[in-house]
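Chemist: Each chain, written out:
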Amino acid sequence: MSDQEPPDEPTLRVQTVLYRTGRAAFTRFYRGISAACTVALASGSIRAAVLVAGDSSPDPLADGAEELVGDDGPGPFASVEYDHYGANLGSAGGHNRLFARAEEDLVLVCNPDTYASPHLVTELVAGLADPTVGIVEARQLPLEHPKAHDPVTGDTSWASGSCFLTRTQVVRGIGGFDTDLFFLHGDDVDFSWRARLQGWRVVHRPSARVFHDKRLSDDGVILPGEGELEHSARVSVLLPWRYSRRDLALERLRSLEAMPDDLSRRVGMELRDRIRAGTMPDPIDPDNMVAEFIGADYADHRFSYADA
Amino acid sequence: MSGDRQDSLRDCVAALVDRLAAGGKVVVDLAPGDRIAEAITTLGLFHLGVHADPCSAQRMAEQGAEVVTGQLSDPATLFATVERAVGGRGVAALYAGGAVDLATAPAMAALRDLSVRMGSVPLVVHAANVTRLDVAAKLLMGRWDPAALSSPDGPATLSAFFSDELLAATMARAGWSPVDVEDFAPARAAEDDRADVAPLDRRTAAGAHLARIREAWAPFGQVERFVRAYLPTTAGVAVAPSSVAGNEPETGWRPFLSVLVRTRGIRPETLEETLLTLAAQTCDDFEVLVLVHDPAPGAAEPIERAIRAFHPSFAGRVRLVEVSDGGRSRPLNVGAGVARGRYLAMLDDDDLAFAHWVEAFKEAADRAPGRVVRACVASQQVARRAGAWDGADGYDVVSRPRVDYPIEFDHVAHLRDNLTPNNGYAFPRTLVCELHQGWDESLPVLEDWEHLLRAASICGVESCPTVSAMLRAWVGAETSKTAHSVEEWEATRQRIVERFDSAPLLLDHGYTARLRAHEAEHHAAEVALVQRTKEVQRLTAALAATREHLEATVAEGKGLRAQRDDAERRLAAVYDSNSWRVMSAARRGARVVRWCARFLGDRPSAGG
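One line per chain: the protein sequences are V and F, in this order. Residue numbering for the first sequence follows this note's numbering, starting at 4 and increasing by one per position. Residue numbering for the second sequence follows this note's numbering, starting at 2 and increasing by one per position.
Keep in mind the hints are simulated off the structure, nothing from the lab. A couple of the hints might just be wrong.
[As the list claims (entries may be wrong)] Taking lysine to any residue and the SDA-like style, the derived pairs with C-alpha atoms no more than 20 Å apart in a straight line are:
hint, chain 1, residue 1, chain 2, residue 2
1, V, Lys217, F, Ser400
2, V, Lys217, F, Gln382
3, V, Lys150, F, Ser164
4, V, Lys217, F, Ser164
5, V, Lys217, F, Val476
6, V, Lys150, F, Val383
7, F, Lys139, F, Ser164
8, V, Lys217, F, Glu216
9, V, Lys150, F, Gln382
10, V, Lys217, F, Val383
11, V, Lys217, F, Val399
12, V, Lys150, F, Val399
13, V, Lys150, F, Arg403
14, V, Lys217, F, Gln381
15, V, Lys150, F, Pro466
16, V, Lys217, F, Ser380
[Unchecked claim] Derived CB-CB ranges, DEER-like:
hint, chain 1, residue 1, chain 2, residue 2, range
17, F, Ile408, V, Tyr308, 52 to 60 Å
18, V, Pro77, F, Ala369, 39 to 47 Å
19, F, His485, V, Glu69, 51 to 59 Å
20, V, Ile225, F, Ala369, 28 to 36 Å
21, F, Ala209, V, Gly73, 55 to 63 Å
22, F, Gly299, V, Gly73, 32 to 40 Å
23, V, Ser307, F, Lys482, 21 to 29 Å
24, F, Leu507, V, Leu266, 44 to 52 Å
25, F, Ala414, V, Glu69, 48 to 56 Å
Cβ coordinates follow ideal geometry from the N, Cα and C atoms, glycine included.
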């Protein structure tokens with residue numbers, strides 16, 4: 004953990020990873036975050052901002068940053084960078100590629116299917132005023148994450164990768180997302196817990212609002228994104244294994260193997276092979292200082308979207 | 002306008018002139034064929050007829066009428082003639098009747114010239130109302146009878162058909178400003194006319210529905226002739242003709258949707274969230290009207306700042322409108338009046354839209370233009386929380402979203418209760434702006450339910466089978482649910498039901514099958530109920546018989562028990578009797594004797 008005060012008027016790096024993101028969708032995202040950075044710059048909350056976008060799509064969304072932002076131009080950003088990876092690196096890999104060039108004080112990680120409220124950046128930066136806080140998570144709308152947080156301190160188990168602000172120092176300290184284990188799900192839980200193991204606090208800030216394009220089924224269940232079920236199944240075993248809950252990992256593995264659907268069984272076989280091959284992650288947090296496994300969740304939840 | 006209903010067109014003209022003119026003056030009658038002279042003189046005014054034909058004028062004069070000869074085509078000469086005839090009495094009004102072609106500019110200009118020369122005296126005219134209900138009914142039946150539109154007690158001349166708006170626009174264009182109204186609206190159409198439109202008479206179901214729609218959409222449905230008074234405007238004759246549509250906003254941009262966001266300015270944090278969900282829409286073919294209702298002083302300013310903080314691509318489509326007075330419906334009606342969208346939708350300042358809220362409405366409206374479009378709404382419980390760590394008073398989400406409202410619209414089910422929150426439907430703006438089907442401001446609550454039922458009946462409903470908005474149910478906080486008593490809710494509900502029940506109900510296509518299915522279900526339930534009732538009756542009878550048998554058995558048992566008790570009592574009495582006790586020694590002796598006898602009798606005899 005740092006014993007230094009965050010610099011007055013820090014610089015900000017906004018980074019997002021695209022995958023098959025349409026032009027209209029990117030423009031929406033870009034306009035939201037542009038307005039939020041405009042407000043933050045005007046209020047003196049940040050000194051400067053840059054936006055970097057990595058693209059894991061098969062085909063590039065644009066020929067370059069200039070084409071990407073189109074008529075909107077760079078707006079409040081000192082620079083806009085766009086990098087087409089030519090391969091699907093996943094969310095974790097894509098962000099790590101962008102982290103590598105981070106020179107700014109703070110990094111805002113956000114999904115391209117989000118739309119920032121005008122005061123998002125200002126509020127998130129305010130959340131880092133406490134030097135013990137390493138990650139500040141935004142409140143998502145219209146479907147708020149059910150994860151609990153301390154109403155007095157804001158402390159929460161982990162921060163959703165759909166939109167959080169962290170210090171570049173935190174990213175460097177923990178080496179970014181773990182791309183060996185995670186692709187696009189669970190990487191944020193692991194990122195948060197490793198930051199907490201280093202002494203940083205993770206807080207949820209309700210006044211920092213971000214729209215996240217999630218939708219409900221007819222019976223009120225959140226519709227999963229592409230590949231989410233598969234990665235979620237994999238992470239349900241990998242996370243407890245990594246955080247020294249081998250018992251729970253094996254119990255979940257057996258449940259996966261016993262499931263009737265092909266996807267669960269396939270993931271189960273893959274993980275069983277990995278255990279046999281000895282390529283599962285080395286356990287950390289042996290005293291269970293940060294990891295929480297409550298039911299199928301990684302934190303205490305106020306309510307469940309899965310309840311019928 | 003006078004509150005008294007006039008019996009004839011002449012009565013209407015006389016009533017209007019009476020209000021406009023002082024006694025002793027002259028009414029210059031340019032339409033003497035209307036025969037209003039008697040009605041005018043009865044008012045204590047002088048009547049001066051103007052005839053174009055000298056022979057007619059001569060005839061009238063011979064009959065004692067005050068009459069001059071002149072033509073509107075020569076207003077200067079006519080003025081001089083009239084001025085001479087009037088003398089020092091002064092002109093009270095010009096009467097042009099319905100014979101003047103109001104759409105002809107030279108005639109109107111001549112009338113205006115004459116009025117101005119006479120000191121800007123009022124002009125009284127009447128005109129046929131082509132928008133009246135019985136004409137519409139005839140047209141619906143494929144009939145067209147222009148003669149029916151001519152003056153009923155005047156000459157059968159007809160120069161033009163008017164609506165209220167067209168008459169106003171025509172007169173304004175000719176340089177006349179309205180000053181009074183005494184329209185002729187007979188209590189009932191003539192018997193012959195009623196016979197003509199019998200299937201659409203307002204006492205028939207179809208006629209009543211037609212009348213209800215006509216009267217709700219625009220006034221003057223019963224007016225046969227417009228009887229109006231005007232004064233020449235100081236501005237003179239308008240050069241450019243103006244639109245008579247009246248309600249179209251002066252703008253080039255016409256988005257698909259106008260979103261009416263109702264707020265009182267006391268929930269800035271949730272209002273910003275509502276706006277955020279609108280800014281993030283996948284379809285941006287919409288505008289937002291933030292309707293700040295009775296804001297506290299200075300409350301609108303931070304809202305304006307909050308709007309301007311959004312990206313210009315969104316903020317530029319948001320307008321803030323302050324609304325004073327009225328109840329919950331007032332802001333919506335005001336917003337509809339200034340909206341530009343083809344459709345209108347509503348959000349309260351704590352509602353949230355999913356990203357496809359507008360898109361879903363638009364797809365449905367493209368699929369079924371003109372219909373109400375309805376999406377599904379989820380609801381989620383939230384609780385107020387003060388003193389959060391981030392310094393903002395806020396709320397906590399305390400439940401998962403529930404989709405309790407049906408995915409598909411069912412009109413009949415909606416008659417029972419409101420199953421569509423106000424953020425769950427959009428409808429054509431013309432419904433409010435042209436057909437006057439706004440929200441009922443007299444309803445303290447349930448105004449959205451009443452409005453949806455009305456809109457659904459007129460337009461029909463196209464369902465968008467997707468959850469596209471979120472309603473927040475506040476736990477432990479004051480809402481419209483708690484701000485009004487249970488009695489008020491129930492009374493309003495009853496009032497709405499009675500209102501709909503007082504008129505025919507128009508249901509959309511597909512409801513015959515639905516109602517048949519409902520009825521079949523109901524019938525099957527009734528049959529099952531009858532069968533169950535019979536079964537219950539049979540079992541009840543069997544139970545009664547069993548009970549009767551049981552009671553008989555019990556009674557028999559009681560009798561036997563009584564006999565036994567009686568016997569026991571009697572036996573006890575014997576045991577307790579003195580004779581029994583006295584005889585006890587004898588009974589013992591007898592027992593001894595019997596024993597001895599048995600003993601001895603059992604032994605073998607000695608002699609054996």
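Chemist: Next, verify each hint and record whether it holds.
Modeler: Status of each hint after checking the structure:
1. Lys217(V) / Ser400(F): Holds, because 17 Å separates the two Cα atoms, which is no more than 20 Å.
2. Lys217(V) / Gln382(F): Since the Cα atoms of Lys217(V) and Gln382(F) sit roughly 18 Å apart, the hinted pair holds (cutoff 20 Å).
3. Lys150(V) / Ser164(F): Not OK: Lys150(V) and Ser164(F) at ~63 Å, beyond 20 Å, violated.
4. Lys217(V) / Ser164(F): The given pair, whose Cα atoms are some 51 Å apart, is violated under the 20 Å limit.
5. Lys217(V) / Val476(F): violated (24 Å)
6. Lys150(V) / Val383(F): holds (15 Å)
7. Lys139(F) / Ser164(F): This hinted pair holds, its Cα atoms lying about 17 Å apart.
8. Lys217(V) / Glu216(F): violated (46 Å)
9. Lys150(V) / Gln382(F): holds (16 Å)
10. Lys217(V) / Val383(F): Answer holds: Lys217(V) to Val383(F) is near 19 Å, not above 20 Å.
11. Lys217(V) / Val399(F): OK: Lys217(V) and Val399(F) at ~18 Å, within 20 Å.
12. Lys150(V) / Val399(F): holds (11 Å)
13. Lys150(V) / Arg403(F): holds (18 Å)
14. Lys217(V) / Gln381(F): Holds - the C-alpha atoms of Gln381(F) and Lys217(V) are around 15 Å apart, at most 20 Å.
15. Lys150(V) / Pro466(F): Distance ~29 Å between Lys150(V) and Pro466(F) Cα, so the pair is violated.
16. Lys217(V) / Ser380(F): holds (15 Å)
17. Ile408(F) / Tyr308(V): 52 to 60 Å: violated (19 Å)
18. Pro77(V) / Ala369(F): 39 to 47 Å: With a Cβ separation near 43 Å, Pro77(V) and Ala369(F) satisfy 39 to 47 Å, so the hint holds.
19. His485(F) / Glu69(V): 51 to 59 Å: holds (57 Å)
20. Ile225(V) / Ala369(F): 28 to 36 Å: Holds, since Ile225(V) and Ala369(F) (Cβ atoms, about 29 Å apart) stay within the stated range.
21. Ala209(F) / Gly73(V): 55 to 63 Å: Between Ala209(F) and Gly73(V), where Cβ atoms are some 58 Å apart, the hint holds.
22. Gly299(F) / Gly73(V): 32 to 40 Å: holds (39 Å)
23. Ser307(V) / Lys482(F): 21 to 29 Å: 26 Å Cβ-Cβ, so the 21 to 29 Å window holds.
24. Leu507(F) / Leu266(V): 44 to 52 Å: Between Leu507(F) and Leu266(V), where Cβ atoms are some 50 Å apart, the hint holds.
25. Ala414(F) / Glu69(V): 48 to 56 Å: holds (55 Å)
When each numbered hint is compared with the structure, violations occur for hints 3, 4, 5, 8, 15, 17.
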